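Enquirer: In case you want the letters, here they are:
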Amino acid sequence: MIATDAAVHPYPSGDSSLRRMALAARELGFDSMVAVGAAAEEEIDGVRVLQGIVLSSGNQREVMGQIRKTGDGSAVIMVNAGDYSFNRAVLQMRGVHIIRHIERTHKKSFDHIMARMAADRAVAIDIDLNPLIHSRGPPRQKVLQRYRDIMRLHSRYGFFVTISSNAHSVLGQRSVRDVVLLCSLFGMEKDQVGEALTTLGKMRSGRRAVEVVP
Amino acid sequence: MRDKRRYVLARIEPPWEEIDPKELYLAIHEAFTSLFGDTRASEAMVAVVDCRDGHAIARCTRGCESLLQIAMLTVHTVDGRRVALRTRATSGTMLALKRRINDYPHSCTVQARTLEIDGNFYYAHQYQGQKVDVIAKGFKKQELLFLTEKELEMKNHAATGIPDGI
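So the sequences go chain by chain: S and H.
Under my numbering, the first residue of the first sequence is numbered 152, with each subsequent residue one higher.
Under my numbering, the first residue of the second sequence is numbered -11, with each subsequent residue one higher.
It is possible that some hints are incorrect.
As the list claims (entries may be wrong) - A few chain S residues that don't get close to chain H, going by computed Cβ distances all over 10 Å:
no. : residue
1   : Met152
2   : Arg170
3   : Ala191
4   : Glu192
5   : Gly197
6   : Ile204
7   : Gln243
8   : His252
9   : Arg267
10  : Ala270
11  : Gly288
12  : Arg291
13  : Glu340
14  : Lys341
15  : Gly345
Stated by the list, open to error - To give an idea of the chain H side of the interface with chain S (calculated C-beta under 10 Å), a few residues:
no. : residue
16  : Ser22
17  : Ser54
18  : Gln57
19  : Arg70
20  : Leu133
21  : Glu139
Unchecked claim - No farther apart than 25 Å at their CA atoms in a straight line, the calculated lysine to aspartate or glutamate pairs in the DMTMM-like style are these:
no. : chain 1 : residue 1 : chain 2 : residue 2
22  : S       : Lys341    : S       : Asp300
23  : S       : Lys220    : S       : Glu192
24  : S       : Lys293    : H       : Glu18
25  : H       : Lys10     : H       : Asp26
26  : S       : Lys353    : S       : Glu340
27  : S       : Lys258    : S       : Asp234
28  : S       : Lys293    : H       : Asp26
29  : H       : Lys138    : S       : Asp182
30  : S       : Lys258    : S       : Glu194
31  : S       : Lys341    : S       : Glu178
32  : H       : Lys138    : S       : Glu193
33  : H       : Lys(-8)   : H       : Asp26
34  : H       : Lys138    : S       : Glu194
35  : H       : Lys138    : S       : Glu340
36  : H       : Lys138    : S       : Glu192
37  : S       : Lys353    : S       : Glu193
38  : H       : Lys86     : H       : Asp38
39  : H       : Lys138    : H       : Glu5
40  : H       : Lys86     : S       : Glu178
Hints in this document: simulated from the structure, not taken from any laboratory.
Everything numeric in this text was worked out from a predicted model, so none of it was measured.
Positions of the beta carbon are idealized from the N, C-alpha and C atoms, including for glycine.
Could you build all of it, start to finish, from the sequences and the hints given here?
Expert: Here it is in structure tokens:
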């Protein structure tokens, strides 16, 4: 996987069908995407569509229970960030691939200790482009500030970073070139963007490498 | 002295939306000012010089073209209508970009038709081969769905998972 959009929301949560979003992703330079709510992993028009599950409960036990219910582990499990203790607990859970919406939480909810834990446990932190496109003024300034902080921690501790359009429509999807431009707003270099877009591919190939085949 | 200028070509999505150049200018200018402030906006001297066939050409001073491209990426509504601007090319002359628009005439060809699904009528715009944008006209609001030809062909519409046809 060369470039993966880490979260899109096809119909019914969005207004575009899965096939149409895959078509748009291919035109925009992506070869894979994580579709939240997709039934299974499949290939559509040359785009690998991964099944994505978003866990938005702020309760640790509920999240653990939901992870157990998700089955064989082929789905990409994303957990919405919460307060400091919740995020720390999530980082210690098995099966979590991505923590998202860090920008919506308090500034101290993700610090250098968590950054080190994320790096050790190979949990990625998601950069959501949706608020950069859709919000204006102080909310967007706060998001840019948080992403700058995340990138500072990333360059120091080297945890995985993913980039998602978090699009609910084909109109919300952006091309790889556009992603580079948008990420330059918070000081992310082109190489770092390229690396972040390949993160899911690396995580999945790494996970497969330790599978024991009889 | 006249400043050196740069022109940015963007594709408007969906291409069947008829966008007023003035409204597009206001949307781009608002996005630019919101992101980079009044000072940079005054330096960039953003303008929309052409808007037709699903494409728009915006102008700025040399050195501000990447800022203009970023600002165009953050435009999501023009005059209350949802659109996306996909930047395609940057050039020092308008002529070069107009040639590029003419190089892709197939992308702008939109076929409008009416569809009947489960007894209900819908407006559909088909373009680029398999893309179909379906507008379900309701009493209170217009619902817009982005589908593909394959999904419409399926009798039971199981691929989209859309109940009652659409």
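Enquirer: Hints first: check each against the structure and report whether it holds.
Expert: Structure-based check of each hint:
1. Met152: holds (23 Å)
2. Arg170: Nearest chain H Cβ is 5 Å from Arg170 of chain S, so the label is violated.
3. Ala191: holds (13 Å)
4. Glu192: Holds, since 16 Å exceeds 10 Å.
5. Gly197: holds (13 Å)
6. Ile204: Holds, because the least Cβ-Cβ distance between Ile204 of chain S and chain H comes to about 17 Å, which exceeds 10 Å.
7. Gln243: holds (35 Å)
8. His252: Its Cβ never comes within 10 Å of chain H, the nearest being 19 Å, so this holds.
9. Arg267: holds (32 Å)
10. Ala270: holds (30 Å)
11. Gly288: Given that some Cβ of chain H is not farther than 10 Å from that of Gly288 of chain S, nearest at about 7 Å, it is violated.
12. Arg291: Contrary to the label, Arg291 of chain S does not stay out of reach of chain H, its closest Cβ about 8 Å off (not over 10 Å).
13. Glu340: Holds, since 14 Å exceeds 10 Å.
14. Lys341: holds (12 Å)
15. Gly345: holds (18 Å)
16. Ser22: Hint on Ser22 of chain H: holds, closest Cβ of chain S at ~5 Å, below 10 Å.
17. Ser54: With a minimum Cβ separation of about 7 Å from chain S (threshold 10 Å), the hint on Ser54 of chain H holds.
18. Gln57: holds (6 Å)
19. Arg70: Since the shortest Cβ distance to chain S is 6 Å, the answer is holds.
20. Leu133: Holds, about 6 Å.
21. Glu139: OK, holds: Glu139 of chain H within 10 Å of chain S, min 6 Å.
22. S:Lys341 - S:Asp300: holds (18 Å)
23. S:Lys220 - S:Glu192: holds (17 Å)
24. S:Lys293 - H:Glu18: It holds: about 19 Å lies between the C-alpha atoms, which stays within 25 Å.
25. H:Lys10 - H:Asp26: holds (19 Å)
26. S:Lys353 - S:Glu340: Satisfied, since the Cα-Cα distance of roughly 19 Å is no more than 25 Å.
27. S:Lys258 - S:Asp234: It holds: about 10 Å lies between the C-alpha atoms, which stays within 25 Å.
28. S:Lys293 - H:Asp26: holds (20 Å)
29. H:Lys138 - S:Asp182: Satisfied, since the Cα-Cα distance of roughly 20 Å is no more than 25 Å.
30. S:Lys258 - S:Glu194: At roughly 39 Å apart (the allowed maximum being 25 Å), Glu194 of chain S and Lys258 of chain S break the hint.
31. S:Lys341 - S:Glu178: holds (20 Å)
32. H:Lys138 - S:Glu193: holds (16 Å)
33. H:Lys(-8) - H:Asp26: OK: Lys(-8) of chain H and Asp26 of chain H at ~20 Å, within 25 Å.
34. H:Lys138 - S:Glu194: holds (15 Å)
35. H:Lys138 - S:Glu340: Distance ~39 Å between Lys138 of chain H and Glu340 of chain S Cα, so the pair is violated.
36. H:Lys138 - S:Glu192: Satisfied, since the Cα-Cα distance of roughly 19 Å is no more than 25 Å.
37. S:Lys353 - S:Glu193: holds (18 Å)
38. H:Lys86 - H:Asp38: Since the Cα atoms of Lys86 of chain H and Asp38 of chain H sit roughly 9 Å apart, the hinted pair holds (cutoff 25 Å).
39. H:Lys138 - H:Glu5: Holds: Lys138 of chain H and Glu5 of chain H sit about 23 Å apart, inside 25 Å.
40. H:Lys86 - S:Glu178: holds (22 Å)
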